[in-house]
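Asks: Residues per chain, in single letters:
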Amino acid sequence: MTWKRRLAALTLAVTMLFTACGAQQETQTQAQGRFVETQITPPDEPLSAYAELLKTPDGIAIIDWLQPTPVRWDSSDLGETWRKSELSWYDAQSMDTLKIAALWDGSLLAVKSTITASDDAFAWRIQTDGTVTPLALEALKAETADGKSVSTSSIQPIGTDRFAVFGSRFTMQNGVYSSDRNTGLFLYDAKGTLIREITCQSAMMTSNKTHLFCMDDNGVCTVYDEDGNIVSSLGGTYENLLETEIGAFLADENDTLYLCSGQGVKRLNPGGSLQELVMNGEKYSYGMPTSYFAGGILMDENCLVFAVQENSEHLSVYRYDWDAQAPTVSVKTLRVWSLDDSDLLRVAVNRMRIAYPDVDVQLEIARADQTSGTLEDIVRTLNTQIAAGSGPDVLILDKLSAQNFAENGLLADLTEVVDADALYPAFLQPFQTEKGIFLLPAQFRVELLAGSAEEVSAVDSLQSLSDLVAQGPGMTLSDSNAEETIPPEQRPVLYYTDFDNLFNVYWNACAPALITEDGVEQGALKDFLEQIRTIANHYGLESADGWEKSEYAIGFGNNQMMFVLPSSVSNYKVDRTRMAADEFENLSLLELLARDSSTGDLSSDRASKLLPGFCEGAWTPQLLTGISAGAQEPELAQAFVALLFSEQVQGQEVPGGMPTTKAGIAAQQSAARAQYEQNGLSGEMYPIDDLIGQLKTPVMTGENERMLVRDAALEYAQGKQSLEQTVQRVTLGLQRMLEERS
Amino acid sequence: MRWKKEKGKKGEADAAALFLAPSLAGLTVFLFVPFAQTVYRSFTDALGQHSVGWSNYRSVLKNSAFLLAASNTAKFLAVCVPCLLAVSLFLALCVRALRPGGKYLKTTFLLPMALPVASIVVLWKALFSQNGILNGLLAAAGAEPVDFMGTDAAFWVLILTYLWKNSGYDMILWLAGLDGIPDSLYEAAQVDGAGKGQMFVRITLPQLLPTLGLVAVLSLLNMFKVFREAYLVAGSYPHESIYLLQHLFNNWFLAMDLGRLSAAAILVALALLVIVLPLQSVLRGEDGA
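Note that the protein sequences, when read in sequence, are chains A and B.
Oh and the first sequence: position 422 is 422 in the numbering used here, straight run, nothing missing.
Oh and the second sequence: position 61 is 61 in the numbering used here, straight run, nothing missing.
Think of the hints as simulated: they come from the structure by calculation, not from any bench.
Being a predicted model, the structure only gives us computed values, none of them experimental.
Nothing false has been slipped in among the hints.
EDC-like mimics (lysine to aspartate or glutamate), calculated; alpha carbons at most 20 Å apart, straight line:
1) A:Lys720 / B:Asp147
2) B:Lys225 / A:Asp377
3) B:Lys62 / A:Asp518
4) B:Lys125 / A:Asp711
5) B:Lys62 / A:Glu407
6) B:Lys106 / B:Asp179
7) B:Lys62 / A:Glu739
8) B:Lys62 / A:Glu517
9) A:Lys283 / A:Asp343
10) B:Lys125 / A:Glu715
Make a model of the complete structure from these sequences and hints.
Replies: Pasting the structure below:
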């Protein structure tokens with residue numbers, strides 16, 4: 001090689017080496033800075049859900065006019081300390097519900113939330129000394145002509161002595177709400193004299209001292225000056241932002257806009273088109289699945305204050321300060337793996353992120369959508385990771401062969417992680433082994449039979465229930481008579497949307513008796529298949545279409561989450577069926593089942609009990625939790641599991657299942673009891689402890705077994721094969737599975 | 001001089017080792033190390049952390065699912081490999097006899113090999129399902145429909161699929177072997193008055209022994225690929241007649257029963273070694289001659 005070539009090779013090598021070192025150096029630099037959450041809820045009394053969070057010249061104010069004694073809280077040190085004063089100016093009779101804003105001089109502007117033509121006074125200015133001056137706001141009142149009402153959506157101060165009121169006209173006729181899309185934005189001076197009326201379709205409004213910002217449903221943000229003249233129009237770039245439910249729309253003095261929702265805070269710079277995520281909601285309390293974003297104020301670009309409704313009754317207030325030194329790159333990573341999504345799991349993950357801000361808590365939902373692959377593919381991927389030593393730290397093993405994991409030594413002992421006394425014995429004992437506890441369910445579900453006390457007590461087996469069904473009318477319910485009352489003699493005994501609905505309910509009541517450690521119980525399997533076929537054929541469920549799925553979403557529980565009422569139960573509650581037999585996963589649904597629809601108290605005529613299947617006290621474990629024996633972060637995994645079973649998490653009523661801890665049940669019942677008592681109902685609750693005391697047999701059969709029996713049962717119900725053929729098919733298929741495990 | 005010669009040989013050996021190193025590295029990483037790991041895992045628990053001695057092997061040999069899968073696989077091997085060898089040799093002889101027109105037949109017989117597995121599965125379902133073409137023909141003929149995938153007939157369906165798919169490939173190998181037999185042998189035999197049958201038995205077959213070894217080994221290896229069709233059509237738990245070792249291995253992996261899975265894999269490897277080594281000696285023996 002010539003000396004020139006050697007020199008060239010050396011130069012290249014040195015350059016590459018230098019570049020590699022440089023690149024490595026860059027990756028070693030850690031990004032820093034994030035918002036830090038501090039709870040600053042005023043002490044003593046809890047804030048009502050309608051309390052208003054305001055920014056005043058002195059700092060922060062909270063107006064809580066819904067309390068028995070309306071109060072005002074003020075803080076001049078960003079919520080570190082609070083001064084309480086009575087809201088002497090508030091008169092519940094004349095003022096009713098209010099929208100309140102703080103003006104730049106510290107005075108308050110209060111406008112009734114709903115303004116009608118009969119209201120003589122609906123707007124007031126309250127000075128700092130407490131003087132109350134009614135404001136005419138004629139233009140706003142004029143909107144109530146022709147029998148319409150005005151809903152005051154927003155009040156925004158602008159300039160030094162002006163404010164804008166956004167009111168939307170609506171009518172209520174025969175219970176139907178109808179709003180007028182082209183509604184009014186009214187700009188007033190401090191005395192309530194109209195400066196300008198602006199017709200717009202704003203969905204959100206905010207202001208700073210110089211500008212008013214109005215964003216419509218299409219994401220177009222129009223900027224007005226204090227005289228109501230359009231300064232600029234920022235259009236089209238924010239459309240996708242409106243897909244989320246914005247809790248607060250804020251602006252700073254530089255005209256930088258902030259869109260705040262449970263998903264996080266996005267910052268939009270003036271004249272720009274890029275949205276910068278400055279806070280990921282999943283890492284803070286306002287981003288919890290059970291939280292509702294109730295409002296927010298911007299102290300400055302480095303400090304935000306949010307009001308968060310964390311249960312149905314009360315607000316909490318949090319302050320978020322920018323900490324430039326806090327690292328953004330997490331030092332440790334905790335991986336939580338689950339086949340399906342779960343609200344309770346997300347609550348626990350969110351709580352973990354708040355408690356451990358330096359830990360990257362990754363929630364992996366394996367079956368997130370249709371493209372996730374088959375169950376086998378998912379399990380194969382998981383097992384490959386575990387076998388390679390790079391598996392998740394926490395495993396949620398619902399619908400998987402959880403016991404295989406435990407028996408093969410793949411899970412760590414939970415004995416020291418979860419307090420055994422915290423769980424009901426029914427949920428703990430099935431998982432206690434000689435070597436320890438390797439799996440525990442964080443939730444549970446049950447199959448219940450409900451009906452008149454007489455009929456429920458008469459049904460003591462699956463056979464007697466199917467006989468009752470066969471003697472009753474066929475499926476008389478349809479979409480066409482959904483609003484009609486069904487005469488008692490025409491009411492079917494039960495209702496199911498399709499074959500799977502029927503099968504799953506009875507499977508969860510019978511599975512442990514069909515497949516035992518000794519193998520398939522052929523006699524029980526025959527009975528099971530025959531009863532399923534009887535009910536399916538009687539209601540025509542074996543056909544592919546099924547019936548109309550008229551499920552209702554109902555918001556209740558201790559955090560206003562939406563729960564779905566199964567069709568079978570909703571039809572039963574409105575007397576379209578005689579009984580209901582279905583799966584129950586929430587305390588609120590149990591309460592709904594047990595209560596008289598007209599009085600709201602526990603009914604003495606109606607009763608419910610565990611669906612009589614083939615085994616005593618069947619129940620379905622949910623969120624079967626285990627810690628991987630090869631976890632990369634065992635201590636963090638233990639902390640997460642402890643949090644999942646803590647009262648803080650278990651006390652949240654979410655869809656998916658009821659808590660397995662005593663504290664969780666007590667917390668949820670306590671919240672529900674308070675609601676019932678507030679509504680004038682008795683504090684007597686559904687006897688959940690009695691129900692739990694009857695539970696004995698967890699349903700631990702896997703998805704493969706269930707699908708095998710389900711497919712065979714459907715073909716038998718459709719008449720495609722005889723009972724003997726069906727039993728043989730199931731037996732042989734299950735036999736192979738059991739042989740593999742032996 | 002002698003020293004120079006030896007030094008020369010050593011230099012050649014070094015060069016050879018250098019050229020073989022990348023290939024050896026690949027074999028080590030992707031074959032030897034995983035095999036050693038499997039042997040190790042067969043003596044440990046699922047995570048490979050604790051030794052369990054011979055209990056995995058004892059458990060496997062007592063497991064009825066393994067015994068069923070192994071016997072099915074052995075039965076499949078015993079039936080389909082000889083059938084494939086015979087069928088493909090027959091096809092090769094026919095194609096050779098029909099020259100030059102036989103080349104079109106060659107292409108036709110090779111086509112099934114080119115078909116994707118998913119297409120074969122669709123074809124399989126169309127032919128053999130309860131409402132498939134074959135049952136339609138049977139019904140038209142007044143016969144009872146047959147549950148091809150739910151009875152012992154599944155075994156023969158699998159055999160048929162294997163023969164149909166692999167005959168063309170083996171035929172090509174046989175043709176190469178046949179082309180390697182010198183014509184002078186046949187000429188000399190003809191001169192001596194040998195008939196076609198005698199020439200086939202006394203010349204063709206003995207000359208094809210090395211090819212037989214190669215074709216047999218490749219057919220044996222291809223036999224395990226038929227699991228793909230069986231799995232896609234019948235799932236993880238097919239009829240017991242087509243429940244093969246791969247089904248068991250797949251299910252044990254899904255259940256994370258890695259200890260028994262490894263032990264069973266080692267047992268199968270040993271069994272295959274017992275079968276393949278004699279075939280290798282057949283191959284080597286003729287080469288040596």
